[in-house]
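Peer 1: Could you put the whole structure together from the sequences, leaning on the hints where they help?
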Amino acid sequence: MMLTALPLAARRRFPLTTFWAVLAATLATAGGETWITVLTAAIAAYSAIAHARNRVPAAVSIVLAAVLAAAADGDIAPSLPSLPSWLGPYVILISAAAAASLVRFWQDSRHRLAELQRAQQDAMREAIEAERSRIASELHDVVTHNVSMMVIQAGAARKVLDGRPEQAKQALLAIETCGRAAMGELRNVMGLLAGQENGRRDGLEPQPGLDQLDGLIERVRAAGVSVDVKVSPPRGPLPPGLDLAVYRVVQEALTNTMKHAAGAAASVAIGHDGDLLEIEVTDTGGRPAAQARTGSGRGLIGLRERLALYGGTLETARGAGGGYRLKARIPWRT
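Every number in the working numbering is 331 more than the matching position in the sequence shown, counting from 1.
Rather than coming from a laboratory, the hints here were simulated on the basis of the structure. Note that this is a predicted model, so its numbers are computed, not measured. For every residue, glycine included, the Cβ atom is placed at its ideal position computed from N, Cα and C. One thing to keep in mind: the hints can contain errors.
As the list claims (entries may be wrong) - Taking CB as the label site, the calculated pair distances span: (1) Trp437 with Gly567: 53 to 63 Å; (2) Gln451 with Arg511: 38 to 48 Å; (3) Ala454 with Arg618: 45 to 55 Å; (4) Ile466 with Gly555: 24 to 34 Å; (5) Leu517 with Arg649: 29 to 39 Å; (6) Ala454 with Arg343: 27 to 37 Å; (7) Gly486 with Gln451: 43 to 53 Å; (8) Arg386 with Leu447: 13 to 23 Å.
Peer 2: Set out below in structure tokens:
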């Protein structure tokens with residue numbers, strides 16, 4: 332009788348083959364069944380469901396084996412006299428298979444739950460990284476532009492402080508204006524974070540857009556850069572995120588002009604061609620300013636990422652005479 336249990340050694344690698352080997356050995360005992368054979372058949376049926384790669388053939392095999400055992404009058408449950416002999420195979424084999432199905436279902440549920448938790452953690456990590464990148468881009472745009480203008484104005488004030496105090500005063504006023512603008516935008520960015528945590532947005536102003544483009548141009552002109560502007564946006568207000576993206580494109584382009592082309596004249600053109608909003612900023616070229624060496628290229632990378640969110644593109648190229656051209660296209664109807 333112990334020989335019927337030998338095939339169980341391979342039940343994990345070949346569960347279905349092991350089950351049929353055990354069943355054949357059990358039926359071959361021809362009336363000599365004991366509780367050893369009962370337990371062996373139950374373990375084999377359990378393993379066939381628990382370790383099978385495909386449970387459908389395993390379940391069919393269990394039912395088929397029970398039918399064959401009952402038809403062959405194989406009483407594999409001799410110690411259950413209250414049951415008819417033909418019912419014993421069904422009770423033993425199907426009960427073991429049902430127990431294996433429950434255990435496997437529980438294990439699969441735990442595995443799916445663990446995978447779901449990992450996926451949720453990965454998604455949360457990606458969302459945090461994306462949010463950090465967005466905040467970093469916003470802070471870069473705010474700080475770089477305004478600080479660049481403040482540095483330029485401070486240099487101009489230093490040069491004319493003794494001989495032309497009125498011009499020095501104008502430069503200092505421009506520095507104050509840029510500083511206030513920078514503080515306002517920084518409060519906006521940081522206030523968005525605080526507002527998300529406490530549910531309030533007290534004192535926050537709307538994010539800048541085309542309606543604040545005039546103020547940006549005036550600050551750049553006050554820094555000594557000649558700027559020509561042509562704006563013909565589509566009718567109706569732009570979506571807030573798209574409106575901010577347009578503002579940031581112009582801001583970054585003019586900041587780069589001040590940093591890398593001191594003394595250059597700039598031109599800003601905003602128009603639309605069908606569903607595409609086009610922003611083009613060019614300059615005539617000039618010498619690099621003192622703070623140009625501090626650039627990291629993060630501004631253009633951030634712009635491309637920002638425009639990509641709206642299906643937009645960004646092109647940069649050298650123009651004639653050493654100038655620079657930046658052109659962005661964004662689907663404005665989205």
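Peer 1: Evaluate the given range 24 to 34 Å for the C-beta pair formed by Ile466 and Gly555.
Peer 2: With Cβ atoms ~31 Å apart, the hint holds.
Peer 1: Quick check: does the Cβ-Cβ distance between Ala454 and Arg618 fall within 45 to 55 Å?
Peer 2: holds (48 Å)
Peer 1: Taking 27 to 37 Å as the stated bounds, is the beta-carbon spacing between Ala454 and Arg343 within them?
Peer 2: holds (35 Å)
Peer 1: Just tell me: holds or violated, for the beta carbon distance of Gly486 and Gln451 against 43 to 53 Å?
Peer 2: 52 Å Cβ-Cβ, so the 43 to 53 Å window holds.
Peer 1: Can you let me know if the beta-carbon spacing of Gln451 and Arg511 is within 38 to 48 Å?
Peer 2: holds (43 Å)
Peer 1: The hint says 53 to 63 Å between Trp437 and Gly567; measuring C-beta to C-beta, is that right?
Peer 2: holds (57 Å)
Peer 1: Honestly, do Leu517 and Arg649 meet the 29 to 39 Å range at C-beta?
Peer 2: Holds, since Leu517 and Arg649 (Cβ atoms, about 33 Å apart) stay within the stated range.
Peer 1: Is the distance from the Cβ of Arg386 to the Cβ of Leu447 consistent with 13 to 23 Å?
Peer 2: holds (22 Å)
Against the hints set out earlier in the document, no violation occurs for any number.
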